[in-house]
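Enquirer: Protein sequence lines correspond, in order, to chains A and B. Take the first sequence: its letters are residues 1 to 125, numbered as in the numbering used here. Take the second sequence: its letters are residues 1001 to 1249, numbered as in the numbering used here.
Watch out, some of these pointers could steer you wrong.
Unchecked claim - Think about it this way: if two alpha-carbon atoms lie no more than 25 Å apart in a straight line, the pair counts; the simulated DMTMM-like pairs of lysine to aspartate or glutamate are:
#1 B:Lys1160 <-> A:Asp87
#2 B:Lys1090 <-> A:Glu14
#3 A:Lys91 <-> A:Asp39
#4 B:Lys1114 <-> B:Glu1036
#5 B:Lys1056 <-> B:Asp1119
#6 A:Lys91 <-> B:Glu1150
#7 B:Lys1090 <-> B:Asp1156
#8 A:Lys91 <-> B:Glu1151
#9 B:Lys1100 <-> A:Glu14
#10 B:Lys1128 <-> B:Asp1140
#11 A:Lys97 <-> B:Asp1095
#12 A:Lys97 <-> B:Glu1232
#13 B:Lys1056 <-> B:Asp1095
#14 A:Lys97 <-> B:Glu1151
#15 A:Lys91 <-> B:Glu1037
#16 A:Lys91 <-> B:Glu1232
In case anyone wonders, no lab produced these hints; they're calculated from the structure.
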Amino acid sequence: MPKAPAGTLYRGREGMWSWVAHRVTGIGIFFFLFAHILDTALVRVSPEAYNEVIATYKNPIVGLMEVGLVAAIVFHAFNGLRIVLVDFWSKGPRYQKQMSVTVLVLWVALMVPFTIRHLSHVFGG
Amino acid sequence: MTAVAEAPVAGAVPSFQVTLRLRRFNPENDTEPRWEEHTVTMHGTDRVLDALHKIKWEIDGSLTFRRSCAHGICGSDAMRINGRNRLACKTLLKDLPLDKPVTIEPIKGLAVLKDLVVDMDPFFEAYKSIMPFLVTSGNDPSRERRQSPEERARYDDTTKCIMCAACTTSCPVYWSDGQYFGPQAIVGAHRFIFDSRDEGAEERLEILNDRDGVWRCRTTFNCTDACPRGIEVTKAIQEVKRALLFRRV
Chain A
1 MPKAPAGTLY RGREGMWSWV AHRVTGIGIF FFLFAHILDT ALVRVSPEAY NEVIATYKNP
61 IVGLMEVGLV AAIVFHAFNG LRIVLVDFWS KGPRYQKQMS VTVLVLWVAL MVPFTIRHLS
121 HVFGG
Chain B
1001 MTAVAEAPVA GAVPSFQVTL RLRRFNPEND TEPRWEEHTV TMHGTDRVLD ALHKIKWEID
1061 GSLTFRRSCA HGICGSDAMR INGRNRLACK TLLKDLPLDK PVTIEPIKGL AVLKDLVVDM
1121 DPFFEAYKSI MPFLVTSGND PSRERRQSPE ERARYDDTTK CIMCAACTTS CPVYWSDGQY
1181 FGPQAIVGAH RFIFDSRDEG AEERLEILND RDGVWRCRTT FNCTDACPRG IEVTKAIQEV
1241 KRALLFRRV
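Pulled out of the complex, with its shape left as it was, chain B reads as follows (with noise of 0.2 Å):
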């Protein structure tokens, strides 16, 4: 479809013709996953979600996807859009080529239950092998556990994870063995290794050194470019590796 801009008018926001090309799959009916096409009226302010929105909400009900803040922060709608992870509440539809179909599809490498929707619990799972909480050894302070703001910094990057699964199923290690732990999981291991209150990090630099952690990494860079709060994760991921190599946190 061309986008077609109205006739402007100053300070009007134009609209647009979308073609949405859906990725669908209903587990009661299909037994194989089915393409859709859908052409909607955008606007120039609009995301893919409102798109879908729109679709859901005037031409076909029964498309499923998980959304909950709409703002990207919950990390709910990490879809595959036009090849690539991204998160459909943030991708502006006018960045997207809009004289072809915008291809929507599940993140890849976890079960599809429905349409969009994967099944994210291998995703916790690996998140929660790591020990994503503040490991401490003795009596608890009688104030604030102090860090200094370098210290603080040393781990920022990754405190951005809002767990959206972006980068995990951008990673063509775990597309291929579902064993992998994932870009996410590391992530969430490099926010405590790194703090300077915690006292996890051996523990949890064992726990990555297993045949399926940090070394599974391929640096393919997918999840650094798929993530988006920006973390630069396979950096992230490099830094364990080393922090491994050279038990220096």
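Only chain A is shown next, with the shape it has when bound in the complex (with noise of 0.2 Å):
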């Protein structure tokens, strides 16, 4: 049987990038909804326990992590928007490298002052 080499890694551009970005904070979001629906339920189970939970979450690891989740949020509705125009506009594929910029300019644009407000607050107590 001739065997499929892996050689290196495929240099793709913006699409494939933010394709690859799209799946990987997809991923991590489906993961804290996971967890964020198991801690919410256990309201259900008794509001002690919820409490006792929701306190564990405040200290700075939670904190670093929270920024992590907002930019994997941010990037996927972004991208999500880029994909839909990509999808159902007929000039989409064409202007999709621009809108791919547009994407990481908008991401960075909300990511900076939210990031400083947010780690001033986790850190300042």
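Hints given; two lone chains; assemble the complex.
Expert: Below, the structure written as structure tokens:
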């Protein structure tokens, strides 16, 4: 049987990497939602247990993870709109690169002020 | 290797040293593919194919690759050059960064038979399955089937395909799922679906409505970037998707 060599990584451009990032953020968000539904459902078990679990989230490590969560959601949301345009706007495929850059610009523009404000809450007390 | 330009002579073609890093596999001796490097002196007008020829003809005759016309029409010499699918006969060496070796690998997603030669059968099977021929009904007309310039322009882009498989083997979905028709088969279908003379559009759309059809496309645009003919492959795929959604051809 001839073998398929692994070789080097394919050097895709904006389109491929935004697809990879969309998948990675999507899976990350799924696992967050999974944990989130579980801990929120705890309130049905007992409000005290719920409060106890939520209190363990109030530490700097979870604070940093929240930055990651917002970063993933903001990227996934904007890139999702880009994909909608690629799918349904007849000129979408032609402008996909420009739209990828727009997604990144919007992502940075939102993430910089959010990260500063959020981390000053997390570490400033 | 550093690109060393010779003493500038007016009108002279510069020559330079090029190192090619080739992914080689001989099914008779190798269990794993291996890398091999060759340094050759090439000229400013040379293409990657010329460097491969030089290696095959002067250094190692066992180097195996496909090429036929060597002018970007037959579509035989699609390979992965510096990580991207390109035709070796359309890629000028001077356009590549020559300070490091030029990496040359077989296209991904199809089984390697030897060195840069892959088994193209699954690729052509996918193309055949979308019925790449004119479908009509009734008696043949006694003269040409007429078409306006606008109707011809509708599918002009997808008529340029040379079936080199650069698009199909640049697709991450195709690498992981060989059942996917792949960009080229959809381009081939697009060429007839949007042809006003053809009557097989419904049938082709149904074939591509399959779970391994157009819906597997994740719009990574690798195919559009890889196409040596400049076909907007992803755009064509999206048009087929929309034709399926809205049944408007």
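Enquirer: Hint by hint, note whether the structure agrees.
Expert: Checked hints:
no., hint, verdict
1, B:Lys1160 <-> A:Asp87, "23 Å, holds"
2, B:Lys1090 <-> A:Glu14, "23 Å, holds"
3, A:Lys91 <-> A:Asp39, "44 Å, violated"
4, B:Lys1114 <-> B:Glu1036, "14 Å, holds"
5, B:Lys1056 <-> B:Asp1119, "21 Å, holds"
6, A:Lys91 <-> B:Glu1150, "18 Å, holds"
7, B:Lys1090 <-> B:Asp1156, "22 Å, holds"
8, A:Lys91 <-> B:Glu1151, "19 Å, holds"
9, B:Lys1100 <-> A:Glu14, "24 Å, holds"
10, B:Lys1128 <-> B:Asp1140, "24 Å, holds"
11, A:Lys97 <-> B:Asp1095, "22 Å, holds"
12, A:Lys97 <-> B:Glu1232, "13 Å, holds"
13, B:Lys1056 <-> B:Asp1095, "22 Å, holds"
14, A:Lys97 <-> B:Glu1151, "29 Å, violated"
15, A:Lys91 <-> B:Glu1037, "44 Å, violated"
16, A:Lys91 <-> B:Glu1232, "11 Å, holds"
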